[in-house]
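A.B. asks: As a plain string of letters, each chain reads:
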Amino acid sequence: MLRYIISLVLVSTQFVSAQEQAPKTERYGLRLGLDLSKLIRASIEKDYQGLELTADYRITRNLYLAGEIGAEKKRITSDVLDFKTSGSFLKLGIDINTYKNWAGMENQIIVGFRFGASVHKQDLFGYTINQKNHYWQENLDNMLSTPQTFEDLSGQWFEFLIGVKAELVHNLYMGISVRLNHLLNDEKPSNFDNLYIPGFNRVSDFGSWGVGLNYTIMYQLPLYKKEVQ
Amino acid sequence: MIRKVFYLLILVSVVCCEPDDLCAESVADTPDLVIRFYDADQPEQLKPVSSLTATGQDLETSLVFQETDSIALPLRVNNNQTDFILTKDEVEDVLDIQYTRSDHYISRGCGFKTLFSVENLQIKEPYNWIQSVELITPEVVHDTLAHVKIYH
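Chains as they are written, first to last, in the working numbering: chain A, 11 to 239; chain B, 5 to 156.
Bound-form chain B, shown alone (with noise of 0.2 Å):
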């Protein structure tokens, strides 16, 4: 009887487990910047753009948007400025984001999430398709929520 016990608690023991490193898809990560875009005529007014391009600063391959009046954009964690070229039916306008960083744990298998807080935002001179811009939510802390607003 004893060594029966004996034997099953060390078969227990042995088998026993390591599970939850794993990070579910679900969990919010570091927050994207959310920019809407809206009628320079009747600025109440969303206004879609057809067809969008955002070409990091520096980099070759491009984030492609169709039809939409809701965009996100990833922020540089490794820097605290991120620039963006929108480009729209081949005019470019340049998206200046200046912020500070602070990271934040999330849990034992997702690791940190990198939230934002915008200093600054800004079209760089000269504007051509765009009209003016608004930054409505300088945390940025969801990536469910505008924080931008582009007028056009």
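Chain A with its partners taken away, still in its complex shape (with noise of 0.2 Å):
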């Protein structure tokens, strides 16, 4: 009798919770943040400044419209040079989630892509001639009186990035991002070059390879749910 009752109860309460479960849902929504790690940069490092913001929007389960827009101003003293670059930059790609979620989470691991583009000046403050003969003992450092200023100079170039977003507390994201940038053209500078690029980071002399990074916090605007298939 009492093992007849308890079989009831299991195949009532079953039946009940399968009736009870709503069907899945996921969330589809813009994300705005901003990029933490240029203000903290621009707190620790001498010399810069950056603001970046991002979005995305998510398109399809695992596909999201992804940008960032921003400007950087960095000034570079090294023994030979000393330089400022300043500009903003705007991105814009695809992020891939590749990381399978239980029920009612919604974190990302991420595999995307960017087309980065940049407006910007450099400023040359001063430089050091590069004479190795040095019999005449001169002064090799040139520091200029007026700054040599050269405009309208731009970059693009093509990012590969995997990163990570992690829903912290409702709606609010955080990620980490870690970008390989390859430089495809960039309007220089006429007798000087562009060592750092706004968006890109560092130009590296070995053949237009930069990386960069970010570290992101974002809210998430929900516009509509969708059924998992």
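Each hint should be verified, as a subset may be incorrect.
To be verified - Cut-off 20 Å, straight-line C-alpha distance, at most; resulting in silico cross-link-like pairs (EDC-like, lysine to aspartate or glutamate):
1. A:K142 with B:D107
2. B:K128 with B:D97
3. A:K142 with B:E29
4. B:K51 with B:D97
5. A:K142 with B:D36
6. A:K110 with A:E177
7. A:K142 with B:D25
8. A:K34 with A:E116
9. A:K94 with A:D133
10. A:K142 with B:D33
11. B:K8 with A:E116
12. A:K198 with A:D92
13. A:K142 with B:D147
14. A:K94 with B:D25
15. A:K131 with A:E197
16. A:K94 with A:D162
17. A:K198 with B:D107
18. A:K56 with A:D92
19. A:K56 with B:D25
20. B:K8 with A:E177
21. A:K236 with A:E177
22. A:K83 with A:D162
Rather than coming from a laboratory, the hints here were simulated on the basis of the structure. Predicted model, so just to flag it, every value in this text is computed and none were measured.
Could you use the hints to bring the two separately framed chains together as a complex?
C.D. replies: Structural data, given as structure tokens:
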């Protein structure tokens, strides 16, 4: 008798829970964010200012339209050069989520790409003359009394990225991504070079490759829900 | 999984790098003025000098050359004129070079180099051991080819 009651209860609860289970849905929306890495960098690194806003929009279950917009100023003083780069940039591309979430969770491990473009200028404050035979003992440092300004410069590049986005609290996400950048084309200053490009970061002498990073905090504006197929 | 990838990405971004600030020895720097010595009697014929010292005007140290028909002299990069006292067997002649300068970008690690355009080159009177001088390449942009012929 007791066994009969227990099995009846089990069957009925199973029946009820099966009936109550809502169809599994996921949220689709627009996430807007701020890159904290540039703010941190600005506070600890001398002669750097930067701001970057990020956005992504979920198109399908694992595909996001993503982009960044921002501006940077960076003065670099080395043994042989003293210059400043300032300008703004825009990046657009796709993020693909490769992570399978448990029900109700919305985290992502992302691989993606961007096309980036900058408009910027370079100010050259001084340089050193490279003369290996130092016979004349002259001062080889040439500080310019008025900086030489190179306007209307630009760069276009491709970025490959991997990253993570995790939901901290409802609708608030934290993300980090590292990026490998490849410069496709740039408008160079005459008799100087684009050694730093806003959004691209430092341009290496070795074949137009660079690295970047962002560390974002994002807020999601949920627009609609869609049933998981 | 998410956490592992997150830590990995932080690690990668911290470890990354500042490499290419060095200037390789092989990179062409500010070129020297290259002089070749020819025989005054047979102008086509190179004629080595057994021992020669070149002393910059107002300088105390000298550049010493032994048994050569080709020397390279550094030009001043803060001035549009360089004078060298060329001494052979204790006989002196003064070589006076006047030029304009322009600075050219090399690279991040190497900075700039100065190139010269020689406008006037002469031996100051009187001529002693040198018979005559000829400017053959006024644009001093490489130091692999001769700019001046000295006949002696």
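A.B. asks: Return the numbers of the hints above that this structure violates; sort them in rising order.
C.D. replies: none
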